[in-house]
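> If you count the first sequence from 1, you need to add 995 to reach my numbering.
Hint data in this document are derived by calculation from the structure and do not stem from the laboratory. All residues carry an ideal CB built from backbone N, CA and C; glycine is no exception. Heads up, some of the hints might be wrong.
What the hints assert, rightly or not - Distance condition first, Cα-Cα at most 25 Å in a straight line; then the derived DSS-like pairs of lysine-lysine:
(1) Lys1479 - Lys1399
(2) Lys1316 - Lys1403
(3) Lys1076 - Lys1097
(4) Lys1089 - Lys1226
(5) Lys1089 - Lys1150
(6) Lys1132 - Lys1244
(7) Lys1345 - Lys1367
(8) Lys1295 - Lys1243
(9) Lys1226 - Lys1156
(10) Lys1406 - Lys1447
(11) Lys1351 - Lys1403
(12) Lys1097 - Lys1083
(13) Lys1106 - Lys1243
(14) Lys1367 - Lys1226
(15) Lys1247 - Lys1316
(16) Lys1132 - Lys1076
(17) Lys1477 - Lys1444
(18) Lys1447 - Lys1316
(19) Lys1479 - Lys1351
Claimed, not checked - Computed Cβ-Cβ distance ranges for the label pairs, DEER-style:
(20) Arg1303 - Ala1362: 28 to 38 Å
(21) Asp1075 - Lys1112: 27 to 37 Å
(22) Glu1294 - Ala1042: 36 to 46 Å
(23) Asp1075 - Gly1142: 14 to 24 Å
(24) Ala1107 - Asp1040: 17 to 27 Å
(25) Ser1429 - Lys1407: 26 to 36 Å
(26) Gly1165 - Glu1057: 48 to 58 Å
(27) Asp1040 - Pro1144: 15 to 25 Å
(28) Ala1350 - Thr1258: 28 to 38 Å
(29) Asn1313 - Lys1407: 23 to 33 Å
(30) Glu1175 - Asn1101: 13 to 23 Å
(31) Gly1165 - Ser1246: 36 to 46 Å
(32) Lys1406 - Leu1334: 30 to 40 Å
(33) Ser1246 - Ala1042: 36 to 46 Å
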Amino acid sequence: MTTRVRFAPSPTGYLHIGSARTALFNYLYARNVGGKFLLRIEDTDIARSTEESTRSILEGLEWLGFSHDEEIVFQSDNADKHRVTALKLLEEGKAYRDFTPKAEPNDKNIKAEIAAKARANQGEKNMRDNEYRDLPKDESDKRAESGEPFAIRLKIAMSGKTSFEDAVYGLQERDYDEIEDLVLLRSDGHPLYNLAVVCDDIEMEITDVIRGQDHLTNTHKQILIYEALDKTPPRFAHLPLILAPGGKKLSKRIHGEIVSMTTYRDAGFLAASFRNFLALLGWSAGEEQEIYTLDELTEKFSLDGIHRSNATFNFDANNEKRWTDDKAIWMNAEYIRTLPLEDLLPHVIKELKSAKLWREEYDDDDAEWFAKTVNLIRERFYTLKDFSGQGRAFFSEDFDFDQKAIEKNLKKHPDLQQWLPELAERFETLEDWSHDPIYEVVQKFCEEKDTKVGVILNGARVLLTGQMVGPSMLAAMEQLGKDKTIMRLRSQIAWNE
RNA sequence: GUCCGGUUCGUCUAGGGGUCUAGGACACCGCCCUUUCACGGCGGCAACACGGGUUCAAAUCCCGUACCGGAUACCA
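Model the full structure from these sequences, guided by the hints.
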């Protein structure tokens, strides 16, 4: 039987980091064993699901490069089937109607409310204790026919336990006493999550369910449904959670943008690097390698390498430099400087286009110059954004000057205001505009002025690129060209800032 | 409360009885290189939650404690 896994997000927001990792692991698992990776949108919560979320999730998956096999399944399309299944269980006596009026939660803090209720019932409550559980069939039918609203609950046996072997967490057992007769169908006829998931997983012939550890206890309920349906449950593998620095589950509501995949795409991350980073959050190949291509990940991925302990996604909302996990940033920089140039170029082009810095010549007469420039400046960049930010001066005359650079490398040496235009003068007569001759001119100039080469070049860096840091200044001058170098050395703009 | 799970440097992690005076990566700090630097090189700081066992030997196995997380629903 071919392996079939699914990624099943509920469209209640953008693609979350945790979800993205779940998708990644499912994807890697499927590709590793040559199985199918399916996609199912769990939009049964009509109140919270939005089309926009679905779009955003799809976009995120596309960006990450996880192409799914087969058509996307929308869970809401199967609601009728879910209802039929619930009714069938009712018919077979494996479920029953519960006429208890629906209790509306006080909203806000539902979790706390549930926990409080559970605590209050502690030791007292018998999970099988429902007055409608053993209501005679004819009476139940009669009340239903009279229009009295009811929910359908699964009739769990009086005693026993469920168990399954989790690929990550090992043998999991749960006594029926711990599980309430779960509702399959709401009193308004709406099928509930556990029912829907089981029905769809059966229909989609899912063989392996890989999902977050927060579903560990749901699994027992779902197994009960499989059993009632006389179906064999799939294999299960639960993933450790991704926590925020505070130690709580990383959540959209509390942590905001930081958890959204689109944030990383928009911040200039390479999908390949983020994927790589995600793969290492809760999984390891048991070796010291850290940088992996998708193919390598696919080849090495195994459920055995998944951890049981949660991982912290480290970031500091109050620190601009640490806005997201250090390692994610480092890894992106590593990708930017080590990716084969031809693989990086398309991303840079895209970035320049969106920053309105792109010129057709870069793809034509200046293609060689362009490639060389990208290669030169990428060395110290962290994100794609840097190509249009710090690297702007290479593509446009309209660039900003870093205030700190002006202070430190320009105004601290007032002589530079005369010297730099003077240096431009010397360059005018330089025939061979390349590294060594440029350096000779600079050296000679420094000797005359009795100053250090660093002072001149750092000052020049500010005028030429607006930056304090960057690649070798001589290489930058060479790359910028004689005309621009001379023109910018003469400019007084930075001095007046 | 109950059930389930977890606990190795600040973070991600290696490790599965002796090779562990615990390895790598990020971050941080030094030094070097250098025209600057966020590159690179070298080095440093820094961890087995605690207590009992078992064993010749425990980060590794067992028990307990603490702490953390998840779950608990006519949400998904």
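> When the hints from earlier in the document are held up against this structure, which numbers fail?
Hint check: 6, 8, 11, 14, 18, 20, 26, 28, 31 and 33 fail, others pass.
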